[in-house]
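Position chain B against the provided structure of chain A, taking the given hints into account.
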Amino acid sequence: MCFNLSNQRNNLRYAERKIVIGGEKMNGYAGKILYIDLENEKFEIVQLENPLIFGYIGGRGFNMYKLFHETPRFVDPLSDANNLYIAVGPLDGTSFPGAARVNFSGKSPQTGILGDSNAGGAFGPELKYAGFDQVVLKGKANRLVYLFIHDKTVEIKNADHLKGLDVLKTQNLIKHEIGDKRVQIAAIGPSAENGVMFSGIFCTGVRAAARTGMGLLMASKNVKAIAIRGRNPVTVANPDKFHDLMQDMNKRIKAHVEYEPRLRMGTTKLVSALNQYGALSTKHFQFGRFESVDKISGETLADTKKIKSRGCYSCTLPCSRIYQTNENVRGEGPEFEGLAGFTSRVGNDDLDFALEAMNLCNRLGLDVITATEAISFLMELNQRGMITPTQVDGLDLSWGNKETIIKILEKISTREGVGDVLADGVRKAAEKLGVGTELVMDVKGLDIFQADPRGIKGYALGLAVASRGGDHLRSEPSFEFSGDSEESLRRYGTTKAAFRLEYEGKGKLVKDYEERSALADSLDACKNTVVNMEIINWKDTAEILRATTGLNFEAEEIRKSCERIVNLERMYLVSLGVSRKDDQLPKRFLSEPMPDGAGDTSGHIVELDKMLNEYYEARGWNLNGIPTTEKLKELDLL
Amino acid sequence: MYKLRVSVEKINGFCDLPMKVGDYFEVEGSAIIVPKGSKICLWALQSMMPFFPAKQRAKDDSNDWIPMTSRFVCPDPNGGVIFKIEKVDPKTKKIVDDGNSNADKFLRIMVDAEKCTGCRSCELACSFGHERMFSPEFSRIKVYSDEETGEDTINVCRQCGNAPCVEVCPVDALSKNELGAIILNEEKCVKCGLCAKACPFDAISFHFDKKVPLICDLCGGDPECVSICPTNAITFDMLKEKL
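From first to last, the protein sequence lines are chains A and B.
Be aware that the first sequence starts at 39, since it is given in the numbering used here, and climbs by one per residue.
Be aware that the second sequence starts at 8, since it is given in the numbering used here, and climbs by one per residue.
Simulated from the structure, these hints should not be mistaken for lab results.
List time: in silico BS3-like cross-link candidates among lysine-lysine, alpha-carbon distance up to 25 Å: (1) K343(A) - K440(A); (2) K217(B) - K63(A); (3) K63(A) - K218(B); (4) K122(B) - K307(A); (5) K546(A) - K648(A); (6) K190(A) - K217(B); (7) K218(B) - K219(A); (8) K219(A) - K217(B); (9) K122(B) - K344(A); (10) K104(A) - K190(A); (11) K219(A) - K201(A); (12) K346(A) - K289(A); (13) K346(A) - K122(B); (14) K219(A) - K122(B); (15) K122(B) - K289(A); (16) K343(A) - K122(B); (17) K190(A) - K218(B); (18) K292(A) - K122(B); (19) K219(A) - K204(B).
So here's chain B without its partners, still in its complex pose:
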């Protein structure tokens, strides 16, 4: 995924904010980063925003929140109107990109901490499924409980579209398989830890012995943590049909 740099190139008229030539901001992943002391006009930003995701993406990724750079949804929650933008060759008048590439349905691990009982059966199932031993240290999914408030947090790979861990890996040891799961090639891994730093969910921990990252591989499509969860706090599902 590209990082975008948006700068004021020239001002032909009058800006009363004022924006000045050379002012800029950057778009990194889903974050807009404005340099300290600088600013960005709300109205200008509004007009540019829809284009950023499309401009960022090197390729479509079905697990991305915007899996196809050719479609937009009307923000009216009662509308749900989906607009498709197709590219038409001006000479042949034929559609050269129908926006349906890579548009398969996909599932991902979804968690609902409101249902989590804190039993950590998922950790045991994950540890045993991958290592044939029981240790929360081996688990790719991690549950943290606050005994006083009863709040639990479940931390696990969400199969990000355009996953930062895959992109940051300097030796291409991480890749995505057809399920959208991040797969580690242990042979290639140099144990640098950059993937864990890049993970926006802080969902990557390390094998205490081998030092390689522990990342959910979706158990080949039937995740053990999902099967064992007694209250369906972990599901392998879609929030809703996307686009």
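Okay, chain A solo, but in the shape it has when bound:
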């Protein structure tokens, strides 16, 4: 048994520093918002007010409120005036299982609309312990810096020596520099520094807030990393009640039918599940099943590469893992997106290679979904003879070519050759290359995940209407896998919403799940438990938030806050010109039936229009996708 002796010494050092807890200490919330003016190196602390709490709960809700009200609507996403908002929810830092997430938001450089992404790990809770519910980065530092936020103090430190370092090296070096292994760090990689549109922010190792280019937004502010260390305890209003509620919740998690598979495989269980459904993104969505699925499935990963489970802070269902390849390379991950991205989507059947590519993608600080879209897009163009070798630096673009996959990642990160073209995003790359714009698998400029919408109609609708572009996590309507007709009838007035290939009820389903997802993102808890496993309902949430905060949360009011968040986001998009015409899917899913060999998904397209109509109606929006004045008034948004 090896004990690290240096750590405790650090505790001694910190123990000497007096903790100042402000008079207005709240329960659950830290009660403070920190504004950092990077240009003038000044900071300001603002009290968190009740209207924001009741109206928007926390995390994503807080960020969306600020994005809507404090960021100029038509700002250039890469200009100094585009603030980066970082927020956590009321449960971060408590023992609520998996309430460890943190949202990064701003206007997206990648899509030009709403930017928002969240990550697990332990950064979120540490931010709460440092005494803040939200941190706002304003302006731009005049040199490359990293921030060290600890106990209501902000240090702006020189980061010249971190320039160009990958996300893990950056984090390790900062930990070493600060001399405390428990510092939590969110860092960007070389991709963001080099201006890649789809670069993310990586917390606690490789926990990525990768979507919508929040890494580039941070890079545009000359901030390489944010280090956090806090010693302010998080208190709850009714400790006994809270304790009982958590015990009950942990019992429900352990008794859940998904407990064992999630403990074993986490989200990677979806590879074989979706393959079975005939809806696994295969060779850039040309097929619904991957012939070599058994070599690269979540089951195979768990059986042959997994060393042990890895969990986010406070999680009692640790679903990530530490893997070890045949070459003894170790690392954390991958999630479903990374695993399917570097296997079926790009036609690779070598699991060790997929892990290696994932590791590189993370270290460079890239969003794995867009990165694998870029690679698979080029491979399909090549397969169809639509691109010449000179356009792609002579790379061999046959499916699954390992050398090419690695080279494209590196080229994107350094913006070299074809990488420079891809670094602006796949849609812009297609425009520059002059081919294949109809083959770009995105919605509103954000590339879609590793499942084929033709086999999962609810998800298809969710992708079309998601407020941050082609994104499954805004709704995650996993109920359509359940087959529970009775519950479907009770919830959505039709038995069909419980079946993935049906259309009826999907509008209501997606509306409902968008609100559940908004809840998870605003509590900054995990969607696996809160949304997919439905461990808590609105009533439970109210009970938990009352015990946590002592404030008078009501179930229906919380649901309404989540509906408000979705509508506020929609209004942000509407004011940027988004309407029904943008709530679309790539042409392939609407017009090319899924080929044979994909089980009952074969022959399916997505009939989007009828689902959109039902969705808009359920939302109280007009048929053009614009919220009605009645709905906005009902939600106190007008």
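What follows is chain B alone, placed relative to chain A:
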């Protein structure tokens, strides 16, 4: 526990190492400390070794690796032969010490870092159980993770037999209870920090406000960290039946 000082008193014959009269070494806890420039004969040491633990101990302690100074185990791993040494009064022929004093079974916190997920739920459970607040700073158990290699270390009191923290405390603020847990008497504590220095596992940290040491008290016999651990990386158990 006594410190032992072993020195060469006299050499009647011939030592070819050579050991010299006055050469010495010390035994402190489980460490053999040989003064710089000095040495100790392997053969001599081998013959003396079994007696050191027995000589060191002021009293039996059930949490000690050798809980009874009256028993020895044959080192053959396939043998597992246990020898009991009883003291017999030469006059009455009665056994005066059967070596069973203080020989109750005991449990201790055991950790398996190979199973640790780095979730730190144990820290939260510990903090909340003791202080009714959530802060890793209040936790008696601490987890450190290396994100790059996936290695975790779990640091917590192991309920040492003849615990050095208890022995070093100058005001007797620390004591052991019937579970083998170290209990702090906050009233007596003068916050000197000697216990943390003495801890061989570096498992003692300090309350950032009250400055008193934070030491695992086994939660009265049902440790919260053990109950919450999702992968049983922390157990309240015995490695195997001892002796």
